[in-house]
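Undergrad: Each chain is listed here by its residues.
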Amino acid sequence: MKKFMKVVFVLSIAAFLFAGCAPKATLPAACTSDAAGCAVFTSGQTVKIGMGAPMTGGNASYGIDISQGATIAIADAGDVKGWKFALDAEDDQGAAEGGAAVANKFVSDPAIVAVAGHIFSGATAAAVPIYEKAGIPMLSPSATNPVLTTTGSKVFNRIAFSDLMQGPGAADYLYTTLKVKNLALLHDGTDYGKGLADIVSKQFAKDGGTVVDEEAITPGETDYTAVLSSVASKSPDALYFGGYTAEGAIIANEMKQTGLEKAIFFGDDGTYGADFLTRTGSNGEGAYASIAPVSPDSPAKDKFNAAYKAQFGKEAGSLSPYTWAGYDSAAALASVIKSVAFVDGGKLYIPRTALITAVRNLKGYVGLSGTFTCQSNGECNTGSPQFVIVKSGAWVPADKQ
Amino acid sequence: MHHSPTKSIARKAVIAIMTADIPHDLKKKGNQLLKLIRPLLGGIVGLFLIYRLYVILIVEHPYGPDTWTRLLIAGLILGGVYSLIAIGYTLVYGILFMINFAHGDVMMLGAFGGYFVFEALNALKVGIDAKSNFLNVYPYYSIIIAFIVGMTVAALTGYFLEKIAYRPLRKAPRLVPLISAIGASIFLENAVELLFSPQLRNYTNPDILHRGSGWTIVINHSNVIVPYTGVFSFLLSAILLVIVYTIVRKTRLGRAMRAVALDKKTAALMGVDVDSTISQTFILSGALAGAAGVMFGIHNGLIYYYTGFIPGIKAFTAAVLGGIGNLPGAMLGGMFLGIVESVGPAALGIDFQLKDVLAFVILILVLIFKPSGLLGESLAEEKL
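Residue numbers (the working numbering), protein chains in the order written: chain A, 1 to 401; chain B, 1 to 384.
Derived from the structure by calculation, the hints contain no laboratory data. The structure presented is a predicted model; accordingly, all values stated were derived computationally and were not measured. Do not take every clue at face value.
[Unchecked claim] Calculated pairs, BS3-like style, for lysine-lysine (alpha carbon to alpha carbon, straight line, at most 27 Å):
1. Lys206(A) x Lys179(A)
2. Lys256(A) x Lys133(A)
3. Lys309(A) x Lys262(A)
4. Lys131(B) x Lys314(A)
5. Lys391(A) x Lys131(B)
6. Lys133(A) x Lys105(A)
Can you build the whole structure from these sequences, using the hints too?
TA: As structure tokens, then:
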């Protein structure tokens, strides 16, 4: 009996081995020739676009807002040859560890063909190499750190403007328009915050201004009065902060009790949004932020704004400056997917390398937040920032005050 | 947010320190060498600190008296909160010889208790004016209610924590309750995250305690603001410290606590109810943490499920610095740590991001030259 079991065991192993050699269902030529293969969908499956975003924590408004914009884009995108689109937005907490975790989750899901993200630069930097290996193209609506497009990545693209535009723009605005002579800088030590503060510092010095102090803070704390007192002793005209809302709002509050009450708080696209207003109240009055380039008003934008208000109960753009970019990145990816997908034998095939090339070749795409043409490094937006100021509890364009 | 790695690293470090066990023979051989090297290294670092102080304070003096005053105010307020939490660590350590690692999270629960009271009272309309609500019509009552609720929530948490997580392990080796405490800390954080969502919450203060406003003193032609919330926190922690000291020194409960700290068995034979004394100790330490939590919320304004962890670690450091198990030591350690954190980086001319490094360097220096902490772990007779 024992011997019999052995034979059965050996035979079944052999059967498995031969099964591996059996000819597979023949793939279309476009898939066999594609280096990364095809994503295959049988009827009834959905084609997924991923998004890694901070959905919880102090900067959650960014992830919630941008994913809501993308949700509307997915609904507007209709279907690709009968297959439906779906958005898979996962929480990466805006941090590098979270970004890598979400990316690993996405690459293990064969239905994810592209990623509209990630949202924060640190999380994006950690995620890029993972998508690079798996052959999944990215189109970030909001990761602005300049380094991201200099690594030679084939998969990373962004419709966000680069901090190489934002930083010098902000420095020039501070020096020329606001007539700031002495500038102090604070940053949160992240890829994004420190990178931006360094760029601003350099450009401001080049403009002829004096950088009186540059300090780093520890993100996640709630008491920065000590460091602000030390900054105050250098009596700057303005304080530039490179970082996100969570710390930005605390700093704007505590500036009023540390001798910086006369200095201007100047934030970035990461400190803009409704959360900043509710957390600072009257202390936030007169605070500046630089945000994504003006998006031209258009019927399509009005339609989106109405849909956003109806679906989520808030004005589009009140939570973060990237509502429209969130829509655009998901919508642009959907349109590119449509252009490369094909049906063969009742199945939908999306060749992955062809999709990567097609995203990089995006040309003259007209979105809600601008018209995008990707350059060979994945930079699809060359706009300059606009500046906003808090007036009577609302963000308004600074030049119209 | 950005904390998960720091959190787990800090926890691992604590476990590593607690479990570090050098083989006996190695210890003996190394002892002679260590005896020389440690004070030497400590001396070098100490001398360097003094040199930096000299350079900054005497040679460069980049800050005026207004800045020093501001830094000192920030330090005193921070020190008050640290002291209150540190007392909780020390009380429990004095009796059970265990580190209640979840103490910071008990503080966080207290902060949430106060938060919900303020929110509820803010929504409660009083009188004919549509804008008037309980919070601003009766601000003093509101603050008292918030503290009572916050302290009660935290005290109950402390009570049940001991009952569920520590009491069954009282006879186990010292490491076991520590691990259980770390588990309790993770449990409390995640429970709050799931219950109240991970969003940051904004403390709604009554108008009389508006954050950021305060008395103005003009020093060096510059307005130095002494925030109301800060003065309030500082005074309240001073009062609570005096009350705790009186309880431990002068009351029946205090005597029972000291007896249990001295010798559990003998105390039981003399008719002291050991279990109930330990429970009451946890209630007392929890209530203090709760008060610290509400104070933290009122002064700092933003709370979430992770709020308690860092102050907890810092207060633990403060307790060790002052000599764990020693009440005045914990108060002194807390104040010292708060002031070092805010004044230290400026006085040494280093980046403010390094304030934690500085705090821990000083902790190590103190432990090298006085391993029992600043005031020394009191002998059993004087413990508590």
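Undergrad: Each hint: holds or not?
TA: Results of checking the hints against the structure:
Taking the CA atoms of lysine 206(A) and lysine 179(A), the gap is near 15 Å; set against the 27 Å cutoff, the hint holds. Among the hinted pairs, lysine 256(A) with lysine 133(A) is inconsistent with the structure: their alpha-carbon atoms are about 49 Å apart, more than 27 Å. A threshold of 27 Å between alpha carbons decides the hint, and for lysine 309(A) with lysine 262(A) the separation of about 37 Å lies outside it, so the pair is violated. Taking the CA atoms of lysine 131(B) and lysine 314(A), the gap is near 24 Å; set against the 27 Å cutoff, the hint holds.
As the CA atoms of lysine 391(A) and lysine 131(B) are separated by approximately 23 Å, the hinted pair is consistent with the 27 Å bound. A hinted pair counts as satisfied when its Cα atoms are at most 27 Å apart, and lysine 133(A) with lysine 105(A) qualifies at roughly 13 Å.
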